[in-house]
Each structure stands twice: as structure tokens, then as C-alpha cells.
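Asker: The primary structure of each chain is shown beneath.
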Amino acid sequence: MQPSIAIAAPAAPRPVAAADPKVKSSIRNLNFYYGHLQALKNITMDIYEHAVTALIGPSGCGKSTLLRCFNRMHDLTPHTRYEGEIRLYPDDVNIVSPDVDPIEVRMRISMVFQKPNPFPKSIYENVAYGLRVRGIKSRSELDGRVEAALRGAALWEEVKDRLDEPGTALSGGQQQRLCIARALATDPEIILFDEPTSALDPIATASIEDLIISMSGNVTVVIVTHNMQQAARVSNYTAFMYLGELVEYGPTNELFTRPRQQRTSDYLTGRFG
Amino acid sequence: MPAKPEALEHHHIVRAFDEELARLTSTIVEMGGLAERQVADAMRALLEGDVELAARVIETDRQVDELEERIDQDAIKLLALRQPMAIDLRMIAMALKISNDLERISDYAVSIAKRSQRLAEHPVPKPLQQVAAIGHLSLGMVKDVLDAYVERDADKATAVWHRDKEVDRQYTSLFRELVTYMLEDPRTISTCIDLLFVAKNLERIADHATNIGEKIVYIIHGTEINRPRHEVE
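Keeping their order, the protein sequence lines are chains A and B.
Quick note, the numbering used here runs 1 ahead of the 1-based positions in the first sequence.
Quick note, the numbering used here runs 194 ahead of the 1-based positions in the second sequence.
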């Protein structure tokens, strides 16, 4: 079978960050604690709509912790605590407030994880799952939205004739695109990616990167990656974090060619800090 | 000792990368040293009518070209294998451009050396001293900009950049004077034209030293001084 996107295929043009980008979400003075351990220290930054924002930094810097705040994943871990705000627009709701239902947040902000984790169900049901949870029962509506999501994840052509086969029978790269389709099916406003390609080979990685770039025209993307080149390739904005702090945040092009902070430069160039 | 950009005081975790960058830098310095000596020798050959020295300047061109080739290959290899970022990326990309400027400087020195061989057969025209003065300025700029490169000194590089105006001014003034000579005595036209070309070559050498100054500032600060001159003045 042909891979859907060969390395040689022209990459989707990276959307140019708008001159006056619209803010989709504002993080304000965000602190986060695992018990007594403070994992995020007074983070303040804006996430821009329909752009890709990459979070980079060494292990333990807080980038995944920050990402998980966005869909309240930490609520599942005991003794964790949020302080500060992550405001989501246009309705200006603080999504880390205890008054806000995490299920509501996750309806609007989906997540794709490091290892592809399709449900032990058919390809079709994997994508339809979130729609059924939202009470959509009409077969024709489900069919249409499953197809749209699979097309959005560049998987439709590869699976359209075997939608009843188990999702787990797909290759690693296809499974990850299935997870992206599942995330897209419910029309989220933001999609979070936590190291989405670290378990994939270079060709599958390239197809996921291409997908992230092309989907960012319609959805806001935040991605955590250990691979700096990946951040450079896919993102419009990059934030460098270190020891729970936001060290530097700016347009990707500027951050990678002329970082303003010494710690950013040392990290990017692989020098001893 | 001028302050280095801090990043360079830290070593890469991958030590081989440090060694490869150091080799690239030292090849640039070696190439710059050769080009600087070519300019100095070409001027001496001109002023002293030393055709053998001029021949040696012409001969050195091959070595300079070889070094440029080595820099190209080393830089391409570093880009492909190390995926450099930030100051490393700026250093490697600018090595490619600086080596090109040095190669041009070397070519202009060769051109001066060739003219000096022809001029050696004729009586020395009077404006030779003004040409020597321009040569002195241009050579000083090449020397200082190479020092700025070795020392990673952006202030020194910027100072060289500002000196280009004086070379341009002297060149324009010499141009007028040579035209006057040629009008007064058409028999001097041939030698005056040769001198004019020498002066033009020296003025171009200063331009390339200026370019290198801009690139040094970009390596160190990531900012450009490559703005239209009137914005700076």
C-alpha cells in the first residue's frame, strides 16, 4: 500500500502568522502544583488562533504539564492544584477554574498523545465515539462527520474501504492519524499534541507534520515536542520553558535564528548552560 | 580582551561540533590572512614597481580559491549533519558569505597586481600617492575587520563599516584629479586609466571589508546593520 504522503510530496505551505494575530487563549499568572512541588511558575502568554504554537524545553521543564492544563488532564491526579488563569475566547472563560466542568473543556479542546491510543473498536467507531457521546444518533450525520474527520486527518483514502476493521490493525502512523481524526471529529477549537511523533518513523512523522501544518488553518494547535527541528518545521510560535518558567516566547523564525535569552540560545545550540 | 558573546564561552555537549566550528573559523582566518597579504603586496608591487612580487600575488589566488572551496564544503557538511540553530547557524551561514567576500578581495588584489606589472614599464604618474593613500585605508579596513572576526568584536566591526565613507570620498576626489590629468595631457591616458582601475579595485576591497563587518555584527547580535546608509547617518 502506498503511504498517503511521500516525503517528496510538496509540503503544505506553512501558514504565515497574521500581522495582528487574534488571541485564542490567554494564560495569566498560571502556577501549577503537584502536591508541594511547583511545576509551573507564573506563566503568562497568549496562544494565537489558527496558528501552531510549540512548547519546547528539556525534560522536566513543565511543557507537558502546561499542555495538560489546557484540557484539565491534571484533574485526574490527586493533590494537584491550579492557580491563575487560562482564559479561552471568544466567551472569555477561565478553563482552569474549579467552577468550570472539565468535560466541557475537553469538548472544546482535544488532545493527541505520544503513543497512538485508538480504542479497541472499529476505525469508524473510533472516530464516531466522541460524536455519539455528544448525542448524535443520525447515521447519515455520523457518516458525514466521520468521513470529514478522516479526510481532515489525511486518512480517508487509506481506510474508506475497511472502516469496520479494528483501529488497532492500522500501522503506527495511521493509528496516530486515526487519533487525530478522532480529535477532529468533534470540531474542537484547540488541538493539543503531546509529542505526537516520537513513536513514529520519519515518513509517518513527515505526514503528521504536514497534517498539523495544514489543519492549523482551521484550528488552533499547541504542540509539545522534544524535537527542536520539529518545532522549527511546524510551528508559527515557539515557547522555550526551563524549570517551570517561560524563558522566551516569540515567532518561531526569530526564536531559532536569534533567541534573546542566553538560556534559550544554550539550549537550542546544545551547549552546557 | 573584548567581551565575547556569552554563548561561545559554553561548550557544545557534542564536542566534535565545537571542533568542526573551530576548524571553519580558522579556515576563514587563514583565507583572510592570505587575502590581506595579497592586498598589501599588490600595493607594494605597485609603489615599488616590483613585478616579481606582483607575480606572487597572482600566484596566491589559487590557494585562496582552494580555501574558499574547503569552507563551502565544511559549512555544507555542518548544516547537513548538525542542524545548527541560533548563533551556530548564524556563524555557519555567514562563513559562506564571508569567504565569498574574501575571495573577491583576493581577486581585486590580483587585478591590482596585474595593473602594477603594466605600470612598472612606464614613468610613475603623479597621483600615485593618492592611490597609495586609498590603498592604506582599504588595507587597514581589511586588517581590522579580520581582527574583529577573530575577536568576535561587533564594535570594531561596526567601526570598520563606518570607515567606508572615507574611502568612497577619496576615490571620488582621485577620479576628478585623474580626469584633469588626462585632459591636460592625453599621453597619460593609458597610465591614468590603469591607476583609476587600481583605485576602483581598492574601493571595492573596502566595500567587501564593510560587508564582512556587517556579517560579524549579524553573527554576534543577530541584527542587521545592512540598512541604507542614510538611515544610519
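Everything labelled a hint here was simulated from the structure, so no lab data went into it.
Possibly wrong hints are sitting among the right ones.
Here are some chain A residues pointing at chain B (derived, C-beta under 10 Å) [said to hold, decoys possible]:
1) S199
2) H227
3) A233
4) F257
5) R259
6) S266
Each residue gets a CB set at the ideal place from its N, CA and C atoms; glycine is no exception.
Asker: Kindly indicate which numbered hints from before are broken by the structure, ordering the numbers from low to high.
Answerer: Numbers 1 and 2, in rising order.
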